[in-house]
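Q: All chains should be modelled from the sequences, with the hints used to inform the complete structure.
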Amino acid sequence: MSDLLNLTLAEARATLAAKDISSTELTQAYIARMEATADLNAYITTTPDKALQMAEQADARLAKGEGGALEGIPLAIKDLFCTEGVLTTAASHILDGFIPPYESTVTTNLWNAGAVLLGKTNLDEFAMGSSNVTSYYGPVENPWRSTDEPDRKRVPGGSSGGSAAAVAARSALAATGTDTGGSIRQPASFSGIVGMKPTYGRCSRWGIVAFASSLDQAGPMARTVEDAALMLQVMAGYDPKDSTSAAEAMPDLSAALNQGVKGLKIGVPAEYQVDGMPEEITKVWRQGIDWLKAEGAEIVDISLPHTKYALATYYIIAPAEASSNLARYDGVRYGLRVDGDSLAEMYANTRAAGFGEEVQRRVLVGTYVLSAGYYDAYYLKAQKVRALLRRDFDQAFETVDAILTPTAPSDAFAIGDNEDDPVKMYLNDIFTVPASLAGLPGISVPAGLSERGLPMGLQVLGRMFDEGSVVRVGRALERAADFTAVPTMVREG
Amino acid sequence: MSLDKATVASIANLARIKVPDDRLEAMVGDLNAILGFVEQLDAVDTAGVEPLASVTGHTLPQREDAITDGGYQARVTANAPESTHGFYVVPKVVE
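Residue numbers (this note's numbering), protein chains in the order written: chain A, 3 to 495; chain B, 169 to 263.
Be a bit skeptical, because a hint or two may be false.
[What the hints assert, rightly or not] Below, in silico cross-link-like pairs of lysine to aspartate or glutamate (DMTMM-like), each with a Cα-Cα straight-line distance of 25 angstroms or less:
#1 A:Lys-243 / B:Asp-190
#2 A:Lys-426 / A:Asp-332
#3 A:Lys-243 / B:Asp-233
#4 A:Lys-52 / A:Glu-13
#5 B:Lys-186 / A:Glu-359
#6 A:Lys-310 / B:Asp-233
#7 A:Lys-21 / A:Glu-73
[Stated by the list, open to error] Facing chain B, a subset of chain A residues (Cβ under 7 angstroms, in silico):
#8 Ala-62
#9 Lys-66
#10 Lys-285
[What the hints assert, rightly or not] Pulled a few chain A residues facing chain B out of the computed Cβ check, cut under 8 angstroms:
#11 Val-302
#12 Pro-307
#13 Leu-366
#14 Ser-373
Please keep in mind that the hints were generated in silico from the structure rather than gathered at the bench.
Heads up, the beta-carbon is just placed ideally off N, CA and C, and yes, glycines get one too.
A: See below:
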């Protein structure tokens, strides 16, 4: 494995600017690594020719001393972002052969800043899942293996599992993800990397295949908090093409990064200590509390009383919005078509063949909870509980500046586990869903290894539009945790 | 409340997803497990609570009702499974 692959995004940026390496060299190293790690199935599509072209253009700009904030940086893009002229699948059979005629706003921002496209990463179908096993293109393998079951392949988490695995395996310097109920933060925790979901409205949703529109947010997945901050700064921004895009100016995240946590009040919610949670998750959480205390933060016990209802709320709202968003896949305008004797039969045959089981389940649940006679009992009720969840956070943030929790209730499980019951799989998102419903920014930072040698992350949540405090606390945790472990496959090259 | 096979078949029809008979039973079980899980919300007192639809509290912006985009029919239909003369083609709906 080339030494270039161990550079962080910040280091690569400095090295490129100093002309010690070229973007072409860096990109070639990543292309070789993508090929060497192809068995992980992290990518659905690789674009090596396009990458080298973009790298060459970046080198030309760098040679003139020009270039954007991410000039020459090779990135992976979750295959949920439309990329002009490059196959975009959402990991679904129903989007077979879809070549977008336009580019998403977030990826446009990245290319305008000089970044290089390595390829499109695997995910749970339509981002519906927590383990990347629902992909039509097959599961992604986590580069990490446990010490107790070294022969079993483990999930990278989901839905942004391909992005997480690529960053952890060094087959991308950083990647985009999207987070609807934890799809950036949970895979970041399972894969030993940093993942950040900004405030709802920060990143334009235009050109991102829609799952649940009131929850979907794009964000960065990277090796360090600084790298995530650099990338988010470029991804975010007001976009008139997304009516929910926020006009609030993003704070200078690089400036916030190293301000430390002295004097900050950090909330620790009692409700996140759930029954049956492994002792080592509690332990790493306590460790995080001690680290922040040692750095001068004040720890405050808080209560978020409606936490236990968050998952149930989410599993009404997300499927309801999904059933509406996925109505567009009708075999007429793009993707798969399966013929039938009538138009209605063609629709039903296409959607039966094109949607996988989990997507069908969620579309049916969504259709039911929105149907006449049940709307008030399910959807409206869920929106009211959502208001209470948000109120819990608003009240907590009257006292505290940020909240510290575990990211996930376990480390990475093996591929094939937790599949007997859909509700069991949903429990993975127990700590990430509440902030999604409330719209708040959050980050997962690797904090330690479990007894069986798998990474565990800690989550920091902030006030609406206060990404500055989130990266500040995240960076403090990162500094204290000094998480330098890498998967065996990376250590052995 | 739990769903029966006839109800799930009717939901599947509304969702325009063909669920064959041999898969219906399993789908009934899965949907009932999910609905059983979400019914815990009944225990939450939401009297007088306004439903939350927008987390940012922003009002949706309005713009002038004018054509701002378009004029590329070929690009729009390029991904269609079947198209002709710049139109999408669907199975015959009128005899």
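Q: Indicate, hint by hint, whether the structure satisfies it.
A: Checked hints:
Simply put, A:Lys-243 and B:Asp-190 have alpha-carbon atoms about 44 angstroms apart, too far for the 25 angstroms limit, and the pair is violated. The hinted pair formed by A:Lys-426 and A:Asp-332 fails the criterion: a straight-line CA distance of about 31 angstroms is larger than 25 angstroms. Using a Cα cut-off of 25 angstroms, the hinted pair A:Lys-243 and B:Asp-233 holds, with the two alpha carbons roughly 14 angstroms apart. Only pairs whose Cα atoms come within 25 angstroms are accepted, and A:Lys-52 paired with A:Glu-13 is accepted, the gap being roughly 24 angstroms.
For the given pair, B:Lys-186 sits about 12 angstroms from A:Glu-359 by alpha-carbon distance, which is consistent with the 25 angstroms threshold. Using a Cα cut-off of 25 angstroms, the hinted pair A:Lys-310 and B:Asp-233 is violated, with the two alpha carbons roughly 44 angstroms apart. Using a Cα cut-off of 25 angstroms, the hinted pair A:Lys-21 and A:Glu-73 holds, with the two alpha carbons roughly 12 angstroms apart. The interface hint given for A:Ala-62 is violated, since its Cβ lies 29 angstroms from the closest Cβ of chain B, which is over the 7 angstroms cut-off.
Below 7 angstroms, beta-carbon pairs count as interface contacts, and A:Lys-66 has none with chain B, the closest being about 34 angstroms; its hint is therefore violated. Evaluation of the A:Lys-285 hint against chain B yields a violated restraint, the C-beta minimum of about 29 angstroms exceeding 7 angstroms. For A:Val-302, the shortest C-beta to C-beta distance to chain B is roughly 24 angstroms, which exceeds 8 angstroms, and the interface hint is violated. Contact between A:Pro-307 and chain B, as hinted, is not supported at the beta carbon level, the nearest pair being about 10 angstroms apart and thus beyond 8 angstroms.
The closest approach between the C-beta of A:Leu-366 and any C-beta of chain B is roughly 5 angstroms, which is under the 8 angstroms cut-off, so the hint is satisfied. Restraint check, A:Ser-373 versus chain B: the minimum CB separation of about 7 angstroms is within 8 angstroms; hint holds.
In this structure, the hints that do not hold are numbers 1, 2, 6, 8, 9, 10, 11 and 12, in rising order.
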